[in-house]
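Residue-level listing of the chains:
Number of protein chains: 2
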Amino acid sequence: MRDVVIAGVGSTTFGKHTDRSIESLAVSAAAQAIVESGIDRQRIGALYLGNFISGPLNGKEVLAGIVGDQLGLPNIPCTKVEGACASGGIAFRHAWIAIASGMCDAALVVGVETMTHGSTSQVTAALNCAMDNENDGKSGLTFPGLFGLAWRVHAERYGTTRDQVSAVVRKNKGNGLRNPLAQMGKDLTDEQIASSAMICDPLQLYDCCPASDGAAAILLVAKSIAKETSSVPIDILAAIQTRGSARIAGHPDLGTFEATVSAAERAYAQSGLGPGDIDVVELHDCFSIAEIIDSEDLGLVPRGEGAIWAAEGRTGNGGDVAINASGGLLSKGHPVGATGVGQIYEIVHQLRGTHPNQVANARIGMTHNLGGTGVACTVSILRRGDA
Amino acid sequence: MRDVVIAGVGSTTFGKHTDRSIESLAVSAAAQAIVESGIDRQRIGALYLGNFISGPLNGKEVLAGIVGDQLGLPNIPCTKVEGACASGGIAFRHAWIAIASGMCDAALVVGVETMTHGSTSQVTAALNCAMDNENDGKSGLTFPGLFGLAWRVHAERYGTTRDQVSAVVRKNKGNGLRNPLAQMGKDLTDEQIASSAMICDPLQLYDCCPASDGAAAILLVAKSIAKETSSVPIDILAAIQTRGSARIAGHPDLGTFEATVSAAERAYAQSGLGPGDIDVVELHDCFSIAEIIDSEDLGLVPRGEGAIWAAEGRTGNGGDVAINASGGLLSKGHPVGATGVGQIYEIVHQLRGTHPNQVANARIGMTHNLGGTGVACTVSILRRGDA
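Residue numbers (the numbering used here), protein chains in the order written: chain A, 1 to 387; chain B, 1 to 387.
The hints are all genuine.
A pair holds if it fits inside one copy or across any two, identical chains being indistinguishable in the list.
The list that follows gives simulated cross-link-like pairs (lysine to any residue, SDA-like), each with its CA atoms no further than 20 Å apart:
1. Lys186 to Pro356
2. Lys138 to Ser24
3. Lys223 to Met1
4. Lys138 to Ser21
5. Lys16 to Thr116
Honestly, the hints are just simulated from the structure, not real lab data.
I would like the entire structure built from these sequences, with the hints used as guidance.
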């Protein structure tokens with residue numbers, strides 16, 4: 001497999017774009033990534049588009065072909081991939097494969113979702129398409145239900161408290177204030193968090209990421225042509241995708257996601273790096289407790305100490321490892337298909353040294369995108385090319 | 001890229017399976033392909049699932065992960081791909097890439113759709129997700145409208161008649177009678193076809209493929225391990241995917257599909273073969289006129305002579321090239337995500353010499369899967385491995 005680098009990135013703001021079509025968001029982000037890369041769009045050899053619920057919510061499929069058409073790309077394979085909330089990460093990995101395998105020298109990834117164009121009940125029903133509804137659906141256990149259970153497991157096992165989890169919320173909501181792309185950064189106190197509306201005990205309002213519209217895009221090229229690009233190249237050291245159980249009852253332990261654990265192990269093996277090498281991480285904090293579990297599953301924090309590290313500020317900028325300096329899903333928003341691609345966007349800016357909430361001396365970055373009840377996961381490791 | 005062979009195939013019947021879930025159809029076909037291959041499922045390194053409208057119609061996404069879970073596959077990448085009616089062909093190509101690139105030695109493809117579980121209006125609305133609705137949707141031009149226009153272009157240019165097009169219908173409906181997987185084989189006369197209900201002038205009832213439920217699956221392995229499999233290996237000589245215009249107004253000529261023309265050109269180049277080498281073809285006859293246009297676009301028939309060849313029986317079994325010996329979409333049915341995979345299933349049986357409607361001495365086969373308004377296309381060329 002050939003070496004692949006990131007040559008350009010683009011993103012819309014995440015938030016409410018009720019006046020814009022899903023295609024126009026995708027095209028905006030993609031055009032930005034193409035222009036930034038300096039690569040002629042006629043050289044792009046593949047397009048992968050990550051999207052989850054445009055079919056049920058917008059009545060729109062074949063979005064990859066539509067976006068490829070609107071961008072004026074050549075007559076290339078344009079493919080939509082879907083893996084619930086991991087759709088964006090899966091799209092990124094397939095663009096990497098297209099180049100690493102030698103099939104083309106440049107490939108475009110777009111992640112996109114619109115979620116504010118329908119009613120809350122429509123969006124909730126659409127999100128539940130990510131469940132194994134034949135098995136789990138009848139239990140009535142939605143995603144807040146699953147992550148509420150995960151919190152209870154973590155609390156019973158490790159004594160995790162409301163205030164420890166609130167430290168994740170305060171950090172990510174605060175980081176979002178420094179990210180102009182974020183949907184809802186906010187300065188919050190423990191009291192405000194603890195008194196916010198109960199969503200699914202113990203998850204309260206600020207523990208849950210918002211529904212969002214948005215798009216992000218990445219232009220990848222073979223390292224052999226990286227010198228033709230106009231940006232600081234970012235090396236892709238690992239691009240891993242795994243599967244976990246599709247059924248909640250299929251997880252032997254709700255305090256961990258096996259798909260994350262195995263994806264991280266393989267990403268470290270592929271890159272030749274270890275958790276201690278990672279400077280900045282964008283991980284899948286769809287709920288506050290998810291960040292704590294993910295940080296342990298990725299090996300960034302010792303098992304059982306995720307809440308302690310969060311409370312001690314060891315996962316903030318300037319801490320042992322900077323987690324979700326972008327604000328994460330909690331603050332940046334979670335336009336599902338865009339999320340995994342947006343994570344890459346954020347890490348690229350950190351490694352270039354151009355992030356609005358910059359982590360000092362960031363050299364190695366990681367992204368982690370988790371789908372459904374842990375049924376799909378991607379982990380990527382990136383490095384500043386001239387490091 | 002490494003050589004890849006087909007080691008096992010499976011398929012449900014195409015038709016009405018209103019008593020079965022989409023997952024159970026997918027698992028049935030996949031299990032058959034795995035067992036037939038003789039490959040231990042723990043060696044499978046990737047799963048690609050082609051599906052179009054399970055989200056809008058069934059409220060079910062992440063089907064790749066769910067099916068991988070139910071099959072007991074290892075913790076591997078499980079990816080749904082979507083490209084409207086070409087979803088199945090796209091899934092096949094990606095399994096080929098997974099092995100050809102060296103990422104794994106065995107990969108599973110499943111194509112699946114259910115369409116009889118909703119009302120006709122729900123299915124029609126879902127099918128229109130394959131249109132660029134921001135641009136074409138407001139014109140009211142559904143798919144019968146597009147292919148009705150294509151027929152008019154062909155008729156004006158080449159004098160194509162109702163009876164010539166009926167020859168395609170008679171052939172494919174008749175072939176379906178000899179295929180136990182087919183939804184609606186039928187012995188038809190020109191009079192019966194010409195007096196059937198008008199759908200969208202000049203398309204009448206028997207010119208249109210039915211809505212169907214069904215699944216098909218293929219197990220691919222690296223040629224280097226082909227001797228470990230229990231079936232006659234089928235070589236994959238070409239696996240091509242292209243894009244055409246997403247907008248009807250973006251097609252310079254409605255008498256041809258540019259995505260098919262370019263896919264065929266590339267498939268011939270990749271395989272080192274030409275149209276004259278092809279013995280059996282499964283092509284995308286979503287409407288009778290589509291078979292005529294496709295046969296020209298693929299170079300199998302001289303431009304403008306598709307209707308003449310059909311009327312002269314040159315595309316039947318024993319003719320110059322056997323097209324849709326399975327009955328095609330017209331007769332076999334069109335469970336959208338399954339169609340492209342089902343085409344491979346049919347050609348594999350032709351090349352093994354085990355097809356219920358066997359073409360004598362079939363050695364080289366081709367499949368052609370077209371999505372939306374020609375926005376996505378796949379063409380594959382297969383060869384009997386010991387030929």
